[in-house]
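J.: Residues per chain, in single letters:
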Amino acid sequence: MENRKSHLLEDIVTDHKTASEILYDAVIVGAGISGAIMANELSQKGFKVLVVEAGPGQDLTIPGYEEYVKRFYTNLDKDPNAPYPVNSSAPMPRPQDIKPLKKGEIDDSGYIVQKGPDVFDGTYAKVVGGTTMHFQSNTPRMLPEDFEMKSTFDKGIDWPMKYDDLKPYYRRAEKEMGVAANVEDQAYDGMTFDEGYVFPMEAMPPTYLDKVIADTVDGTVIKLAGENHELKVRNIPQGRNGIPNPKYNNGKGFVPDGAVSDHQAEIGERCQGNTNCTPICPVQAKYDARKTLAKALHTDQVDFLNKTIASKVIVDPNTGEVTSLEVKYYDEVGADHYEVATLKARKFILAGNAIENARLMLASGLKGESELIGKNLTNHIYLFNWALMPENVGAFRGTQGTSGIENFRSGQFRNEQAAFHMDIINNGWNFATGAPYSDVADLVDNKNKYGKDLRKGLVDKVCRQVLFTFMVEMTADPNNAVTVDPQYKDKFGNLKPVVSFKIPEYTLNGLQYGRKLAKKLFQQLGAEDYTEYNPTDWGYIIHNGEGIVVRGGNHFSGTHIMGDDPKTSVVDTNQKSWDHKNLFLVGSGSMPTIGTSNTTLTLAALCYKTADAITNELNNEKNNQQKKELDYVS
Amino acid sequence: MSLKPIKTLDDVKDYLYAGMQLEHATIPTYITTMYSIHPDTNLEAYNLIRVIVIEEMLHLTLAANILNAVGGTPDMNKEGFLPEFPTYLPNGETDFEVSLAPFSHEAIDMFLEIERPAKPEEEHTGVRLKAVNPSQKKYLLPCLKDENDQDVSYYSIGDFYKAIEEGLEMLCDELGEENVFVGDKSRQVTPEYYYSGGGDIVPVYDLESAKEAIRLISEQGEGFEGGIFDYEGELAHYYRFQQLKLGKYYHKGDQADEPTGEALSIDWDAVYPIKVNAKMDEYPKDSELYAANLKFNQYYKNFMDKINTAFNGKPETLIPAIGGMFIIKQMAYEIIKNPIPGQEGVNATPTFEVDKVELLSDEELNVVTPQHG
Numbered sequence: 067m068e069n070r071k072s073h074l075l076e077d078i079v080t081d082h083k084t085a086s087e088i089l090y091d092a093v094i095v096g097a098g099i100s101g102a103i104m105a106n107e108l109s110q111k112g113f114k115v116l117v118v119e120a121g122p123g124q125d126l127t128i129p130g131y132e133e134y135v136k137r138f139y140t141n142l143d144k145d146p147n148a149p150y151p152v153n154s155s156a157p158m159p160r161p162q163d164i165k166p167l168k169k170g171e172i173d174d175s176g177y178i179v180q181k182g183p184d185v186f187d188g189t190y191a192k193v194v195g196g197t198t199m200h201f202q203s204n205t206p207r208m209l210p211e212d213f214e215m216k217s218t219f220d221k222g223i224d225w226p227m228k229y230d231d232l233k234p235y236y237r238r239a240e241k242e243m244g245v246a247a248n249v250e251d252q253a254y255d256g257m258t259f260d261e262g263y264v265f266p267m268e269a270m271p272p273t274y275l276d277k278v279i280a281d282t283v284d285g286t287v288i289k290l291a292g293e294n295h296e297l298k299v300r301n302i303p304q305g306r307n308g309i310p311n312p313k314y315n316n317g318k319g320f321v322p323d324g325a326v327s328d329h330q331a332e333i334g335e336r337c338q339g340n341t342n343c344t345p346i347c348p349v350q351a352k353y354d355a356r357k358t359l360a361k362a363l364h365t366d367q368v369d370f371l372n373k374t375i376a377s378k379v380i381v382d383p384n385t386g387e388v389t390s391l392e393v394k395y396y397d398e399v400g401a402d403h404y405e406v407a408t409l410k411a412r413k414f415i416l417a418g419n420a421i422e423n424a425r426l427m428l429a430s431g432l433k434g435e436s437e438l439i440g441k442n443l444t445n446h447i448y449l450f451n452w453a454l455m456p457e458n459v460g461a462f463r464g465t466q467g468t469s470g471i472e473n474f475r476s477g478q479f480r481n482e483q484a485a486f487h488m489d490i491i492n493n494g495w496n497f498a499t500g501a502p503y504s505d506v507a508d509l510v511d512n513k514n515k516y517g518k519d520l521r522k523g524l525v526d527k528v529c530r531q532v533l534f535t536f537m538v539e540m541t542a543d544p545n546n547a548v549t550v551d552p553q554y555k556d557k558f559g560n561l562k563p564v565v566s567f568k569i570p571e572y573t574l575n576g577l578q579y580g581r582k583l584a585k586k587l588f589q590q591l592g593a594e595d596y597t598e599y600n601p602t603d604w605g606y607i608i609h610n611g612e613g614i615v616v617r618g619g620n621h622f623s624g625t626h627i628m629g630d631d632p633k634t635s636v637v638d639t640n641q642k643s644w645d646h647k648n649l650f651l652v653g654s655g656s657m658p659t660i661g662t663s664n665t666t667l668t669l670a671a672l673c674y675k676t677a678d679a680i681t682n683e684l685n686n687e688k689n690n691q692q693k694k695e696l697d698y699v700s
Numbered sequence: 002m003s004l005k006p007i008k009t010l011d012d013v014k015d016y017l018y019a020g021m022q023l024e025h026a027t028i029p030t031y032i033t034t035m036y037s038i039h040p041d042t043n044l045e046a047y048n049l050i051r052v053i054v055i056e057e058m059l060h061l062t063l064a065a066n067i068l069n070a071v072g073g074t075p076d077m078n079k080e081g082f083l084p085e086f087p088t089y090l091p092n093g094e095t096d097f098e099v100s101l102a103p104f105s106h107e108a109i110d111m112f113l114e115i116e117r118p119a120k121p122e123e124e125h126t127g128v129r130l131k132a133v134n135p136s137q138k139k140y141l142l143p144c145l146k147d148e149n150d151q152d153v154s155y156y157s158i159g160d161f162y163k164a165i166e167e168g169l170e171m172l173c174d175e176l177g178e179e180n181v182f183v184g185d186k187s188r189q190v191t192p193e194y195y196y197s198g199g200g201d202i203v204p205v206y207d208l209e210s211a212k213e214a215i216r217l218i219s220e221q222g223e224g225f226e227g228g229i230f231d232y233e234g235e236l237a238h239y240y241r242f243q244q245l246k247l248g249k250y251y252h253k254g255d256q257a258d259e260p261t262g263e264a265l266s267i268d269w270d271a272v273y274p275i276k277v278n279a280k281m282d283e284y285p286k287d288s289e290l291y292a293a294n295l296k297f298n299q300y301y302k303n304f305m306d307k308i309n310t311a312f313n314g315k316p317e318t319l320i321p322a323i324g325g326m327f328i329i330k331q332m333a334y335e336i337i338k339n340p341i342p343g344q345e346g347v348n349a350t351p352t353f354e355v356d357k358v359e360l361l362s363d364e365e366l367n368v369v370t371p372q373h374g
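Residue numbers (our numbering), protein chains in the order written: chain A, 67 to 700; chain B, 2 to 374.
Pulled out of the complex, with its shape left as it was, chain B reads as follows (with noise of 0.2 Å):
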């Protein structure tokens, strides 16, 4: 499957799937950073890299809820949802790999690309488009073809979901709102089933809603009119993580790139050795590292399973869902804190190859879920 610019309905649900594959998939990559610190320290770090984790399930849902909204179906089971590490991000950019690795100014430096603002308009050459480096040509997910079948991508995630939202305006426009926006009404995730610090979850009924949804998502990763607060007064991703970079807190007023807040104390090395995108094969098969990757993989996969099932009609089981996470982190620390037999200083780290387990059922896994909420 390849993206084009937008001019039907099935364009946009094409899009919307891509922007679930998006949000999902800095989860891993920002959680492997997360579970690298040794638990205890760094808890300025972890807790910040943690706040956009739940930020990402939220942009996540909220993705599933436009495509919910245009009648589209949400599939976090298919082949290649989830993609192998390193990968581009599935919008398209291309001049940065996206890895699964410890805490390091290097993943820092990831995050920020992850997470880069868009740039102003006028500095965009016509849209928001960029052709691809030819040169580059590992694609592990689909990239955007123009209309002349040149390989494009968009600068940043707020490009994408830009595109997004002027498909939808377009196609409002040519088919009535109301032919847009068919989807079930009961398949929207509501906010009583979600909420953190920032940020509630809109239920997606009509255009309004929807532009209200991405625009949530987009100043929640890039700062609101070229801010670094989004419009609801919160700090934008991009500024959250770079204060790990300059060692400042931001506070109210402060002007990008510059923080005047309290320091930040980080121990960069008070990290787990863990092998950057690491494989299952990687892993001596006989070994109980190998069992223990091979059972977070069968969770991880179940777990979307999940998530996916609770994007298909049944919002009320998010909330149990969610409770995933608590099992994640914990098989993830049995995993990260073993070196890797025969690979001096370099620990082991989940993997996350769902396509190459089977999906099992709970009684399956034999894990307990937590309940509570």
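Pulled out of the complex, with its shape left as it was, chain A reads as follows (with noise of 0.2 Å):
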């Protein structure tokens, strides 16, 4: 079953020969969602278009999807990248890679390489779906404040838009995502609607946990900076099939996508509830990027490329233009040997990540005019708070966040301190202490427990879980960056990602506010506090005296900011390279701040502004080629 291949990639993989002899409209690096998404719309629009991903690209089949399932559930870690092989080819940053980092220590060991001086923490996914593949999917909208960060608070960078220039591309991105929300719970914060807009499906319903919590914070109000919060937990926004919106579309009603597959399958229908939303679905109801490419790979205009790693950009230095794009390829996952070859296109668009994207960049020796490649790299830093709630509240049932608490979004404090957003989550202590395995080894090893005690003893521990999550925010910092280093290469020599990292105060202010807060919740829910920072752990940060341990969100961004002005921004509003015109970064590279927002829907939405963009570039030159032949021949 592992060699099988797929009719859907037997049909469009082409050789590395055929390929570089075509002159693409477009030439796309990652089958992440910028690039499924990039892919989609400019071969439905007709153009000619080439994706190259560095991973296997064996995912496009149940089979092979289903292979992913079940390493999952065989693999001891239960980590983001549990269910995706190790590939010394084409390494990913993995969650066994990190660990404490003395004070001047380099850590070259893992696929990022830490300078410190704190820990970046953070895995992606380079296989066909990137990252989507393991994200929990939430899908909030940026807040209108957080685009203008830096005149609202004088923190961070301002985005070169607003909210209202987004919107609608946040429209188009919910669409193809699948959206689950209610307009009427996520209007908060300035966050507006088109009249009569609604989602394409109906909010995912909260879990009793959910209600639970409701009842009894719902209605408490904190002052914070001189404002009055009035708490209320709110349902989170989040890409994965529930029940289609009969309004939507004016009516028309939305029909969710079911699994990827070369077969009739129909399958991946509703979300059943199964909390590991991250690292994969089973049953393939989240979304992820390989329902957009698969639709980009039926319009037969898409070539692909798998286990193909993008390693120089190459410019003309007379015109600044990329030239083309030279790549190595593999044969087999954990290949020592590679071939290269050269790709031509007319526009080139990284849609690798934050890091990737940097990293090719920098390690083909271009840091731009700006030289702000690589740089203002930010996250999302996370605080987990877990306690046992006095009764049964059933965790481990449903998505693993269906609601959260938002009044921390937004507000005059986010001139000292962080914002957040805070998640309720519904798969018990597992992201802080990998519940329930480590229940069943506690009660087996130090409380020799065993049959009907045991069984009655996890049922007791783990049904009372209750986790709180703050994802703060980090402000822009030009020395938090992504840097190449010659001598810390692959072993294909591609250069590896050199990572400086530096928690800033503001959003240690943030994250010291949630410990408090959280602490007060758990008063008020009559809730035993079981949080426990170690100081052995590599996340442990003491912050005015208080010792708390951090975890890094996936969320990378900043490393090719967008803006107006060359000087201070790498790409413009549609993520066109300032110094190359034919050149593309695309993704939440190109965001300058991410506020408390998960990444994916905002980096998608700007996805489909460049796809635009480059539509009509595309088109443009099609009719200027044309007008010349025909001005040529009368």
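Simulated from the structure, these hints should not be mistaken for laboratory data. Quick caveat: nothing in here was measured; it's all calculated off a predicted structure. We put the beta carbon where it would ideally sit given N, CA and C, even for glycine. Treat the hints loosely; a few may be bogus.
[Unchecked claim] Calculated from the model, a selection of chain B residues having no Cβ within reach of chain A, i.e. all distances over 12 Å: (1) Asp12; (2) Lys14; (3) Ser105; (4) Asp150; (5) Glu167; (6) Gly168; (7) Glu178; (8) Leu208; (9) Met305; (10) Gly314; (11) Met332; (12) Lys357.
[To be verified] Label-pair distances were calculated between CB atoms; the ranges are: (13) A:Asp230 <-> B:Glu209: 37 to 45 Å; (14) A:Asp551 <-> B:Asp270: 50 to 58 Å; (15) B:Asp306 <-> A:Asn512: 42 to 50 Å.
Join these two chains into a complex; the hints should help.
T.: Here's what the structure looks like:
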């Protein structure tokens, strides 16, 4: 089964020799969500597109996908990359790489070289579908004030566009991802929606746990920075198949995308609440970018090269335009040998991610006029707080997060401390302690339980678990950066990303406030706080005399920020490189700030804007070309 | 009760009741075969069968919608609604039996019989009814009587529904459409309560929507105009199952019996050797197995009651009720994994004898049904 080729792939995977003889309208690097949207938008318009993907790319079939699910089930580690095979030919960051970092130490044992001072935590997946394969699929929009952080709070960098500019593209992204949410729940903190707009699917139902928390917490008033915040448990928008909204698209309704398959499968229907959205949805109810890519592949306008790593962007020194892309390709996962090919296109689109786009540019010797490539790297920093509720709250049911508290996404406090989104997690303490597996080990090894006592002990403990996660924003700092260094290479000689990272005070203030809030909420709920921050943990940080343990999100951004001025930004509002007129760097790397919103929806929205811009450029160029030819003839 | 050629609205209701019975009767047989597959093996086969189970639930719902539309009352709690296995199909097909059987070539052959396409019109002699072989006397379910009180049957499920459609058309002509579709509209299950990868729920308010629902049921089973795909381009059940037999997937543009897609990998040995059509009496009375099967039958009865409630004016309870399928799977595995004491090499299986147990409430059953969508 492992080596069986999919028809879909057989039909579309071209060979490197053929591909290098074609002048494509666009070559896209990366088959994650940005690449998939670009490929789909351009191919639907009739443009000839080539997608190159570093990963193995056997994921467009149900058996291929099931192999991932199986690997996750049998893997002892349940981390975000657990379903995806180790591939030394195209390595990716893995949680197992992360170690405590001593002062001044550089850790180059993992794919990402850690230069400190803080550990840079986070993973991404080099497989078809990219990191959407293991994202939790939360899809909140950014708040209007997030676009204007500098002018409003004197923090970070303003976007060159506002919420309203992005609004039409948010709608397209929400359609593609099949976002489940209610407008009434989402119209807060200045977020507006067009008259009559409904999300493609109805909001995912809140879990019993959500309701228990809401019963106690809703209406509690918290004073911060002179403002009163009246707490409200709100539904989290998510790209996951639920109930299609019959009112969508002026009453035409919405048809969800099912599982990706090369034969008719008709699976991937409604979410079944399996609580392992991260690292993989076992029933393909969660959106992932393969669903978009599959649509692109069906246009017959897309060629696909898997096991192909973009190694160098080659630029004409006179015009600054990209002339070609050098790629290294390999035969099978873990191969030691590679071949080189050169690909040509009218437009080149880098859709790796914030880290890979910057890495490739820098590895190609392209620092840019602003020298900002790789700089202003941000992420979300997470803080976990966990407790036992007084009664069974049905933990481990539902998707990982259905509701949260959004009160601290916005407010005057953002002058002093970072904003955050608080998630009420449905899968117990899993993210924090490895529950329920850790609970089994504890009851067996430490408490000597077996048989009925063990079962009862587990039920008693596991079903009462509650975890609040705080996803805290970071502000851009040019010292937080991705660089490359010739001494750090992978086995194909590709330069590895080297990351310098320090969590700013501003973020630490937010994290600390989150801890305070969690304690208060636990008290209010009558929950027993089990939160414990281990000083030997690599994420242990002492701030204002108090120790906390932090984790990174996988929301990397800022390494090729957009702006209106080539001196202070890398790309324009269409994610087009200021330095190279036919090069587009797409994805969250373009985002100057990300506020407290998971990055995927916003970067998807940006990709729609960029796709429109590229379509216009290509059409104009073709028209001009035709005109020239006509002039020549006449 | 015996079905007659349709003359009155009550005849139509009888047919639709048999239609619900028919759609439902396939579910125990499909899920038994599905759960007999060793967990995490034969995923392709498992998925193929699973999708069809979901679509049978859709067909059951569509049949209930039509019945409600003509003012009938779905009653899945009625004794005999779920037949004892082996059984003939309630539409009167009597040339093969439907059993609860392990995943095997024979089981797939049986599935193919269940979903077999209607014969082209010219191959039918007269109507789509055929005389029943008098030597087959084992009628577990009402068969059909023709005008001469002769036992007859429909060749396929599609033929059976065609008869309902023609009956509805005739009655609308005779009585006027508004006197046929007299049901309370709020009893209809609407699309938001259901969807699978293929096919939507059609709420039925008139002849047009009734025909639409019938078309969906028939084509999903057997294909559109003799083709292997239905009107929506979805591969029909018969051909889905045939993929298991032929070991190959159909692709767009393929002709019947000649799939050109990729190969299916099937391990016919990764299967629990469950007893075909097992009965609860075969499990030792004081065994855990007996208790587990008893509980299964009680739970399944409760599950059917919940679905029935949804079809009787509470459509919003359908989604939570379907959550019960998770429990059914879990309970079934617990039984199927065990050999029957005293019967070497034969495993137990849920017996689906719902008429032999009491209808219990959730509290009495003490099983929590997952409530999350």
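J.: Now tell me if each hint is right for this structure.
T.: Going through the hints against the structure:
{"no.": "1", "hint": "Asp12", "in the structure": "34 Å, holds"}
{"no.": "2", "hint": "Lys14", "in the structure": "29 Å, holds"}
{"no.": "3", "hint": "Ser105", "in the structure": "21 Å, holds"}
{"no.": "4", "hint": "Asp150", "in the structure": "43 Å, holds"}
{"no.": "5", "hint": "Glu167", "in the structure": "30 Å, holds"}
{"no.": "6", "hint": "Gly168", "in the structure": "31 Å, holds"}
{"no.": "7", "hint": "Glu178", "in the structure": "25 Å, holds"}
{"no.": "8", "hint": "Leu208", "in the structure": "23 Å, holds"}
{"no.": "9", "hint": "Met305", "in the structure": "21 Å, holds"}
{"no.": "10", "hint": "Gly314", "in the structure": "20 Å, holds"}
{"no.": "11", "hint": "Met332", "in the structure": "17 Å, holds"}
{"no.": "12", "hint": "Lys357", "in the structure": "30 Å, holds"}
{"no.": "13", "hint": "A:Asp230 <-> B:Glu209: 37 to 45 Å", "in the structure": "44 Å, holds"}
{"no.": "14", "hint": "A:Asp551 <-> B:Asp270: 50 to 58 Å", "in the structure": "55 Å, holds"}
{"no.": "15", "hint": "B:Asp306 <-> A:Asn512: 42 to 50 Å", "in the structure": "45 Å, holds"}
Violation of the numbered hints given earlier is absent; every hint is satisfied by the structure.
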